[in-house]
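Undergrad: Residues per chain, in single letters:
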Amino acid sequence: MTDKRKGLLPALALLLLGGCTAVPGDAGFADVRRTASARLPGEQVQWNRGTPDDKRETDAVARLIESPLAAESAVQIALLNNPRLQAEYERLGVSQAALVQAGLLANPVFSTDILVGDSTISPAFGVVQDFLAVFTRSARQAIAASDFDRVKDDMVNKVLDLAADVRSAYYTAVADEQEADLFGQAVATLEVAADTAERQSMAGNINPRDQTLQQAQYAKAIVERSRIEARTTVDRERLDRLLGLSGDQTSWNLPDRLPDPPSSKPSLDGLEKVAIQRRLDLAGARQDLQTATYALDLGRQLGWLSVLGLGVQVEKDPDTHKWLKGPVVELTLPLFDQGQARVATLEAEQRESRKVLVALATDARSEVREAWARLIAAQEAAAFYKVTILPLQQRVVDENAKLASGMLIGIYDVLRGRQDQLDAARDYVEALKDYWVACARLERAIAGPLPATPAAEPSKQASIPSAGDRP
Amino acid sequence: MTSRRDFFSRGAGILTATAGAVGLTRSAAAQQAPAQAAHAAAKGPGARRAPQLAGGTAPTARTVVPPAPADGSYRPVVTLNASSLPYTISAGVKEFRLVAQPVKREFAPGMVVNCWGYNAQTPGPTIEMVQGERVRIFVKNELPEWTTVHWHGMLVPNGMDGVGGLTQPQIPPGKTGVYEFAIDEPGTYMYHPHADEMVQMAMGLMGMVVVHPKDPTERAIDRDFAIMLHSWDVKPGTATPNVAQMLDFDMWTFNSRVFPGIDPLPVRLGDRVRVRIGNLSMTSHPIHLHGYHFHQTATDGGRIPDSAQWPMTTVNVPVGATVDIEFVADRPGDWAFHCHKSHHAMNAMSHDIPNMIGVNQAGMDKRIGGLVPGYMAMGSTGMAEMAKMAMPLPRNTLPMMAGKGPFGPLEMGGMFTVVKVREGLAPGDYRDPGWYRQPTGTAMRLL
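Protein sequence lines correspond, in order, to chains A and B. In this text, residue positions in the first sequence follow my numbering: the first is 1, and each later residue adds one. In this text, residue positions in the second sequence follow my numbering: the first is 1, and each later residue adds one.
It is worth saying that the hints were derived from the structure and are not from the lab. Values in this document were obtained by computation on a predicted structure and should not be read as measured data. Honestly, I wouldn't trust all of these hints.
Each computed DMTMM-like pair below joins lysine to aspartate or glutamate, with the alpha-carbon atoms no more than 25 Å apart [said to hold, decoys possible]:
{"id": "1", "chain 1": "B", "residue 1": "Lys366", "chain 2": "A", "residue 2": "Glu191"}
{"id": "2", "chain 1": "B", "residue 1": "Lys235", "chain 2": "A", "residue 2": "Asp420"}
{"id": "3", "chain 1": "B", "residue 1": "Lys235", "chain 2": "A", "residue 2": "Asp413"}
{"id": "4", "chain 1": "B", "residue 1": "Lys366", "chain 2": "A", "residue 2": "Asp423"}
{"id": "5", "chain 1": "B", "residue 1": "Lys366", "chain 2": "A", "residue 2": "Asp181"}
{"id": "6", "chain 1": "B", "residue 1": "Lys214", "chain 2": "B", "residue 2": "Asp71"}
{"id": "7", "chain 1": "B", "residue 1": "Lys366", "chain 2": "A", "residue 2": "Asp31"}
{"id": "8", "chain 1": "A", "residue 1": "Lys158", "chain 2": "A", "residue 2": "Asp240"}
{"id": "9", "chain 1": "B", "residue 1": "Lys366", "chain 2": "A", "residue 2": "Glu198"}
{"id": "10", "chain 1": "B", "residue 1": "Lys214", "chain 2": "B", "residue 2": "Asp248"}
{"id": "11", "chain 1": "B", "residue 1": "Lys235", "chain 2": "A", "residue 2": "Asp398"}
{"id": "12", "chain 1": "B", "residue 1": "Lys140", "chain 2": "B", "residue 2": "Glu197"}
{"id": "13", "chain 1": "B", "residue 1": "Lys404", "chain 2": "B", "residue 2": "Glu385"}
{"id": "14", "chain 1": "B", "residue 1": "Lys235", "chain 2": "A", "residue 2": "Glu399"}
{"id": "15", "chain 1": "B", "residue 1": "Lys366", "chain 2": "A", "residue 2": "Glu399"}
{"id": "16", "chain 1": "B", "residue 1": "Lys366", "chain 2": "A", "residue 2": "Asp398"}
{"id": "17", "chain 1": "B", "residue 1": "Lys366", "chain 2": "A", "residue 2": "Asp413"}
{"id": "18", "chain 1": "A", "residue 1": "Lys55", "chain 2": "A", "residue 2": "Asp31"}
{"id": "19", "chain 1": "B", "residue 1": "Lys366", "chain 2": "A", "residue 2": "Asp420"}
{"id": "20", "chain 1": "B", "residue 1": "Lys214", "chain 2": "B", "residue 2": "Glu197"}
{"id": "21", "chain 1": "B", "residue 1": "Lys214", "chain 2": "B", "residue 2": "Glu142"}
{"id": "22", "chain 1": "B", "residue 1": "Lys404", "chain 2": "B", "residue 2": "Asp432"}
So these bits of chain A aren't anywhere near chain B, every CB distance computed over 12 Å [to be verified]:
{"id": "23", "residue": "Gly244"}
{"id": "24", "residue": "Ser267"}
{"id": "25", "residue": "Leu310"}
{"id": "26", "residue": "Ala341"}
{"id": "27", "residue": "Ile376"}
For every residue, glycine included, the Cβ atom is placed at its ideal position computed from N, Cα and C.
Please model the entire structure based on the sequences and the hints provided.
TA: Now the structure itself:
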């Protein structure tokens, strides 16, 4: 017996030492950065942890907001500076600590009782170590590691979400300013019309009703202009929040206009497969399934067993005053709960994980098709505006000028033609915005850049978007 | 600014004209310069792409002086920017051949109109006959719909009166109808369809008939001109008359031409001059001649007795009637001859533009120019600015006022031309003698 006890104590000591693992500082961020950088080529992903390194990121943000923001720099600023994302990163620490936790054994439990008689005192001491944890340690570590991977997937997913949100907000903000500028020109034409009517009125050449109509149109446009300007501010603020900017940092500028879409159109072929391979929500769901499988395996192994304690106990015999020693075993007896409910729960959870994965994959494929269709529609619409509608409007303006030269129409018709042209230009900007937002959505749906298209064929005239053209 | 090509085509006209026929080689070329410039500027890509819509091209409408008849039975009339219909004699009957067909008519350089006419022109060629002689007129229908010819004002047998459905069946497309009669009363008459009349006349189917007196010395005249008045609705930028128009016409023509596309009336000092004017438009035209008091000597109802004539400066030509005026050209000069309804001496214009007369537009040009490049504020001080500059106009559109005279812009259009009375013109010479040189001390001075 004694020998046995002698063997047990060093084993315990070993276990205890083995459990004293430190929590690594990196918290798996290197993995997150690697994946995220692959999905957002050219962008730096940083986790600010209150170190002097943070200064570098602050400087980088300051540099980026100096010149008119490009979409990539907006994304970069958000990745460096979005406070919510930085808060999210802390979950990595939580998860990694959980992994460490899973490797630690429960501390041994010391117990004592002292029985006091009329003239006797009978103290007893015991130490019990939970040995179930020792046997299940690697299984629990595997589960925690799987959970940790899942959190890393989540992190990359958040990064991609943020990047997509920034791009949408960015293109919306550029479009806002462009449209506000175009509407400002429309207001200027109405102002000229109202002024002309006033001058006509002073000369006795227009009746009060017609003059008032011109004034009323102008006044209406002024209100509309304030609405448009307010919308511009709202959308700028949205970008401010995503970029984590405040105070002086909010005075950034945007380029004057949205870029033209490329002439070639992306192919839908293979995009769904790319999405299934790349998407981090799917990776996370796969990881969930893995975790559930590990948990189920462990649950099955344990069966009814929920407590397994081994230990030693010493007790002073009140009669002999000698110390009595002996082992302690604590064990659950499967009288009522044989663990079947627990296993059933784990089985159900595993099935749930599998079905969630299928559901997510189905949704992901659909999202890719939808985002692609939106992109193509917006690209065709933008091209149609550029190739057909805007030139037509320009011709109307040119013909109006000719008619006015022949005194065949008057100033009001000329200005109205210009307003129509400006309306069409604003519609064009909307189409461009739709394209770029759709582009951000599609890249979000496939969790990364579009696969490089084979050498783009020479750009040809945009086809007329019609229902029949839709594949 | 007559182009070389233009010059050669005129020259070819002279060469091919038969004995006595003379083309007006020097027609109002100088006057037409600004309109031609505008024409060139208005030739946008659209004009090339849709020639049908733009009116396309038409031969320049030359005045062709008809050959005098070999027997000297009459002195032919000169139909401005048009011609007379040739004839043949068949067994003692004078035979004319009219072809009703779609034609392209140049109203003035820069504007070609998709019309219907006779023998490639509108108005159709003037039909000249002699009092009492038998004539036979073949009317071939090359129109897309049926037609007839009514001999307006002429006392023909009822069966020759040309009223579709009433006095004859209409002549179907592709068929030829024959009219035959002899006219007893000399005078100025007209011919036009009486089948789908509103459309066919709005498209330009009409012409004049002159019946000369049997005795060539009766009412002898040195220069005898024929002018058909008409109105059209050819909206700016279009080329086809709107046949449904009743009131809002915008082109007012002498022989389907507008100033500055109308040839002048060259007259030798001392000539006795007759101008025969027919009106198949939808409103009356007070035709005014500067520099003369004239007499109205006839209607299409016949000669007005001398005792019933009175001196006048303006003769109102009613709708559906002809008027002859006569005067002795004893006052040299360039004398305006035009409809006195001032809108009728204008080309295409809008009647619905904002009134800018007297409106202070200072600074507006700059503000509007920033918004609509190319726009020019006009009208504050009137519309004369328009005539001074050739700005781009819609295709196939003439400036509202155009023409250039020896002293500056002529600022006219529509029913306007010039009677040019000169010493020493040869008989039968209808070439434009150029601008009149006013004797020193007889012209307005600026103080």
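Undergrad: What hint numbers does the structure not satisfy?
TA: As far as the earlier hints go, 7, 10, 20, 21 are violated by this structure, in ascending order.
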